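Between the sequences and the hints, there should be enough to build the whole structure, so can you do that?
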Amino acid sequence: MKKFGLLLLILLTFFLCACTFERGIILFNTQPITRENALSNQKVFASGERVYYLFIAPKKMKNEFIRVQVFKMTQDAPWGGNEVVRCKDYRLMLDERYYHTNYFTLHESGRYVMQVFSHEDFQHPLALNDFYVK
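Read in order, the letters of the sequence shown correspond to residues 46 to 179 in the working numbering.
Derived from the structure by calculation, the hints contain no laboratory data.
Among the clues, some could well be false.
As the list claims (entries may be wrong) - As a list, the in silico PhoX-like pairs of lysine-lysine whose alpha-carbon atoms are at most 20 Å apart:
| no. | residue 1 | residue 2 |
| --- | --- | --- |
| 1 | Lys117 | Lys88 |
| 2 | Lys179 | Lys88 |
| 3 | Lys117 | Lys179 |
On a predicted model such as this, the values are computed, not experimentally measured, just so you know.
Written out as structure tokens, the structure reads:
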């Protein structure tokens, strides 16, 4: 009976919790991202330095708007400690439905996480990645 209960628990876990979302990738760099340096991903940046990023979608996006959100992981905030420091919506042109690139500057040191959302679903990010500002 115990084996049957364990088998049932494992099957239910796979069937009920196997909902995964296709995720894209976010690459960071200190220089504007080009074809030559696109794969030299960096995670640590100086305070006040430009953080260039490249978001590559998992598949062609049907929606023409995305939301880029950056939040800081901190010990000061309650319940997990994150604080939104930047949130901006971008309109994608027809030839940019697979990617988006831009930059921003942060002046406080800490660990940050960047998320990209489709305007159709703000609950599940298309991509996320973390980086540090020293």
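Consistency of the hints with the structure:
For the hint linking Lys117 to Lys88, the alpha-carbon distance of about 14 Å falls within 20 Å, and the restraint holds. Among the hinted pairs, Lys179 with Lys88 is consistent with the structure: their alpha-carbon atoms are about 11 Å apart, no more than 20 Å. Proximity of Lys117 to Lys179 is assessed by CA-CA distance (about 13 Å); at most 20 Å being required, the pair is judged to hold.
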